[in-house]
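S.K.: Heads up: the sequence lines are chains E and G, in that order. In terms of the numbering used here, the first sequence is residues 1 to 279. In terms of the numbering used here, the second sequence is residues 1 to 258.
Think of the hints as simulated: they come from the structure by calculation, not from any bench. A quick note: this is a predicted structure, and the numbers were derived from the prediction, not measured. Errors might be hidden in some of the hints.
[Claimed, not checked] Using C-beta positions, here's what the derived DEER-type ranges look like:
1) G:Y14 to E:G77: 27 to 35 Å
2) G:G174 to E:R88: 46 to 54 Å
3) G:R116 to E:L99: 48 to 56 Å
4) E:L69 to G:H179: 55 to 63 Å
5) G:G140 to E:R134: 50 to 58 Å
6) E:R177 to G:A123: 30 to 38 Å
7) G:I175 to E:V102: 52 to 60 Å
8) E:A43 to G:G140: 24 to 32 Å
9) G:A60 to E:R177: 18 to 26 Å
10) G:G66 to E:L63: 46 to 54 Å
11) G:A112 to E:A181: 29 to 37 Å
12) E:A181 to G:D22: 34 to 42 Å
[Stated by the list, open to error] A few chain G positions that, by computed beta-carbon distances, are all more than 12 Å from chain E:
13) R8
14) R177
15) T184
All C-beta atoms in this analysis are idealised placements derived from N, C-alpha and C, irrespective of residue type, glycine included.
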Amino acid sequence: MILDCLVTPFSNNAFMLNALLAGVLVSIACGIVGTFVVLRGLAFIGDALAHGVLPGVAIAMLLGLPGMLGAAVGALGMIFGIGFITRRSNLSSDTAIGLLFVGMLALGVAIVSRSHAFSGDLVRILFGEILGIRTSELVTQLAATLVIAALAVACHRPFLLLCFSPEQAEVSGFPPRRYHAIMLLMIALTVVVSFRTVGTLLVFGMLLAPAASAALFSRKIITMVLSASGIGAGSVYAGLLASYHFNIAAGAAITLSASVVFFLLLALRQLLPPLGAAR
Amino acid sequence: MTASVEARGLGVGYQGETVVADIGFTLEPGQLLALVGSNGSGKTTLLKTIAGLLPPTGGAIEVFGGKPLSRPAGVAYMGQFHPTSFMLPLRVHDVVSMARFARHGLFGRLSAADRRAVQEAMAVMGVEQLSHAPLNALSGGQRQRVFLAQAFARDADLILLDEPAANLDGAARGIYRRHLRALTETGRSVIIATHDIDEAAECDRTMLLAHRVVAYGVSAEILTQKAILSTFGMVGKYQEGGIVIVEREHAHDDCQDH
Numbered sequence: 001m002i003l004d005c006l007v008t009p010f011s012n013n014a015f016m017l018n019a020l021l022a023g024v025l026v027s028i029a030c031g032i033v034g035t036f037v038v039l040r041g042l043a044f045i046g047d048a049l050a051h052g053v054l055p056g057v058a059i060a061m062l063l064g065l066p067g068m069l070g071a072a073v074g075a076l077g078m079i080f081g082i083g084f085i086t087r088r089s090n091l092s093s094d095t096a097i098g099l100l101f102v103g104m105l106a107l108g109v110a111i112v113s114r115s116h117a118f119s120g121d122l123v124r125i126l127f128g129e130i131l132g133i134r135t136s137e138l139v140t141q142l143a144a145t146l147v148i149a150a151l152a153v154a155c156h157r158p159f160l161l162l163c164f165s166p167e168q169a170e171v172s173g174f175p176p177r178r179y180h181a182i183m184l185l186m187i188a189l190t191v192v193v194s195f196r197t198v199g200t201l202l203v204f205g206m207l208l209a210p211a212a213s214a215a216l217f218s219r220k221i222i223t224m225v226l227s228a229s230g231i232g233a234g235s236v237y238a239g240l241l242a243s244y245h246f247n248i249a250a251g252a253a254i255t256l257s258a259s260v261v262f263f264l265l266l267a268l269r270q271l272l273p274p275l276g277a278a279r
Numbered sequence: 001m002t003a004s005v006e007a008r009g010l011g012v013g014y015q016g017e018t019v020v021a022d023i024g025f026t027l028e029p030g031q032l033l034a035l036v037g038s039n040g041s042g043k044t045t046l047l048k049t050i051a052g053l054l055p056p057t058g059g060a061i062e063v064f065g066g067k068p069l070s071r072p073a074g075v076a077y078m079g080q081f082h083p084t085s086f087m088l089p090l091r092v093h094d095v096v097s098m099a100r101f102a103r104h105g106l107f108g109r110l111s112a113a114d115r116r117a118v119q120e121a122m123a124v125m126g127v128e129q130l131s132h133a134p135l136n137a138l139s140g141g142q143r144q145r146v147f148l149a150q151a152f153a154r155d156a157d158l159i160l161l162d163e164p165a166a167n168l169d170g171a172a173r174g175i176y177r178r179h180l181r182a183l184t185e186t187g188r189s190v191i192i193a194t195h196d197i198d199e200a201a202e203c204d205r206t207m208l209l210a211h212r213v214v215a216y217g218v219s220a221e222i223l224t225q226k227a228i229l230s231t232f233g234m235v236g237k238y239q240e241g242g243i244v245i246v247e248r249e250h251a252h253d254d255c256q257d258h
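Only chain G is shown next, with the shape it has when bound in the complex (with noise of 0.2 Å):
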């Protein structure tokens, strides 16, 4: 069976500078993947690179066996801003409805088919009563669901999420969370980009980043405590009042933002 993802010496940057380099994973079809690390780790520059939005600065990456973007209906992408200005005169039906382009190109018709996968995704993410309300007039919150089912409609075999959970609350953290377990046991692959070590324990696998690889397994095996200091350069544990750091690193002062 072909890999959802296969990356081979991978180096990922921006205008020819690498940001992580040497990178190398296979994401098979129905595997849940957690890219962490703190801001400017390069998880985002890798996510980019796997859509096709980045070129690789050096190594391979193959989707479904071809280039990134070789095959725009079979991935869905959700970047972690979306530049919609105040005036984008938008409904939250037509936002959802982008999603299907892909599979029509310029000129074909949205088939009924079409027009069920939004339904049923803005029922998933619970923005169905939202279908007529413009996208300028939702709270942070109300529009990142809209943003996921944006995703979830294109019914891609990969997706790619840059921080799904930003501003949702816990009742629809949960929900998006049952959604991605049930489409990877249909065979779909996931790939979510985050900084929570609670979200990455419950996927398949984890590749811990700091401007380089610091582990990459499953989930169970990987979520140390030395391996989130190395990642983080602190580890917190829960304690009665909050979380106490009790071990530093490193700062990432110095960190740009990728």
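For reference, chain E alone in the conformation it holds in the complex (with noise of 0.2 Å):
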């Protein structure tokens, strides 16, 4: 009965399977980023980034073209947007920030909102359709988790450096302003891989929940890591099994599971004695 509950939603039905490999996927990538996102205090510019490519990819939806290749047109134009505003501005870069997330955002419900045609795509851009995943979304998918992987592991001592302080990654022979653009390039990739199975506004969620979750416990960054992704893959599993025995948005109920297991873990750490005091 309970293995039933558990096992038979995806042993059953293969759109299930696909989401589940999907999920777990999504939860790799966003573990490993969402730990820099996190340590190095950039959920803001990953929030803009989730939400930047909204325009992106509904001006590919009305040119016919995949809406991938906008979200990745939308995010470069982003951080790009970021830099320059930074550059060329005395404001600050949250301040940069904020105001191209609202205008892309805005423009992006904008064009959405004249095309009658696919108006009803908004609600799939912004919350996933991870239930709908084909095979080549999850090769496409694999492919990226791989690419970040691969340059979390070549560039893990600059963002180390980068996290302690990024004047010791610039004494050290990593320059900061190269390995932050780097790390930015990784949120914009995970974003925009992630946009078709939990959507522009649950990417996000997914980015940071987990990795706040780790952080509560975790004493070195590689456990950090592992422990993000393994807490977004066990959201994706009992978020799809929500969705599948209660009929509810299967985006919405994996970050929703993401966010339970943070508070649970929150909670916990206050009950325990902290960890390691060697005051």
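Mind assembling these two chains? They're in different frames, but the hints should get you there.
M.R.: Structure representation (structure tokens):
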């Protein structure tokens, strides 16, 4: 009975198995990238990138191009836009991010609202369509996850130094601007390939919630990355089951599960003594 | 022999605005130089310029005969503020080990010599026992010792330290000062930024800064009452019951932190 409840939805339905595989791949990518987003305080830029891809996706759909291509152009536009505003004005980067965030989101909604043909697609862009994932999309997701993992392994020293102190990165021969840019491109790639599964709104939740949960008890960055990926994968499984049995939106159920895990772990940490107090 | 640092007509500052102009000095291998001044006098700005973290606003600076940052493994830098958030999951050993990354780039494996350098630096600063402790569980003084251990673990020919004695207790100050002297005896050069006159007096050379170079030379000759008055706007002398200000030249209320 319990086995039926936990396994059968995936063994009897190919679309559920595809959704689980896609979700696990998204979780691994988000676990890696989300760790650095949380440790470096890049949550706002992650949020802005997740929403800033909307006009790119909308324009691509209008032109009959792949939505992922539009998302990539939108994300790159956001990254260069933030850099341009920060350099050419005396505004802080969070102001630049906020301006582009609302501007791009409004542009996306405006484009979608002009075309009644795909106004229903707005919901799919924002909340994803994890139950409709095709095998070709799984392959794309796998390739992107491998690229993100390879970049994280190759750049783990400069990323560690950036988290600790950009000045230490610079004096150690790792230019902080270069590795910050690589980190932003990794966030963008994660958002772009994940919007089909959990949507542009909810990918931000998958970037933050599992990594924030892992940060509560991790003592090493590698532990945090692995824990965040595991928590994300567990949230995908729990969310898909909830979606199957209680007929609720899959993307929302996954992100909600990840958020619930965070609050449970936070409560648990209040009850336990701090890790390795050395004072 | 190539000088460790050579500055000629050097201007230092932020975003093109000069904080201190026309700085000239040569630091030979084995010398210990103190940059002394009040808050905002330009000592951190000068230290960052030598480290290559800020471009000069004028003049020229050479580190080991080349541009700053051209030999990352040869220069260690400890900044004044470490933006380590409370949640950064790093152990003491991880933080000190980062010092060796400059020698190996992205992919080079840390060797037995690297591990030995890390262990020795932790032992010198007395944080060996805290090796596996999370950084966020340490006191301010313990963290400062870890950051000093990180700078020493680089095994660099030039060591730049900004307010290195901050948060250290008397015993730790003694240990770190003896280690600085041991380093210079093996040919390493050290520059410290400090507002502590006693610390400067133990260095070979001192540069007094107050938005300009007030004086530069052998510490014992430079640290005169007149020069300290020009640097800090006040001069104190120890009496029974504490420091008494005996003169005041000018205030630094309009100074910004640099």
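S.K.: Could you check the structure against the hints above and give me the numbers of any it violates, in ascending order?
M.R.: none
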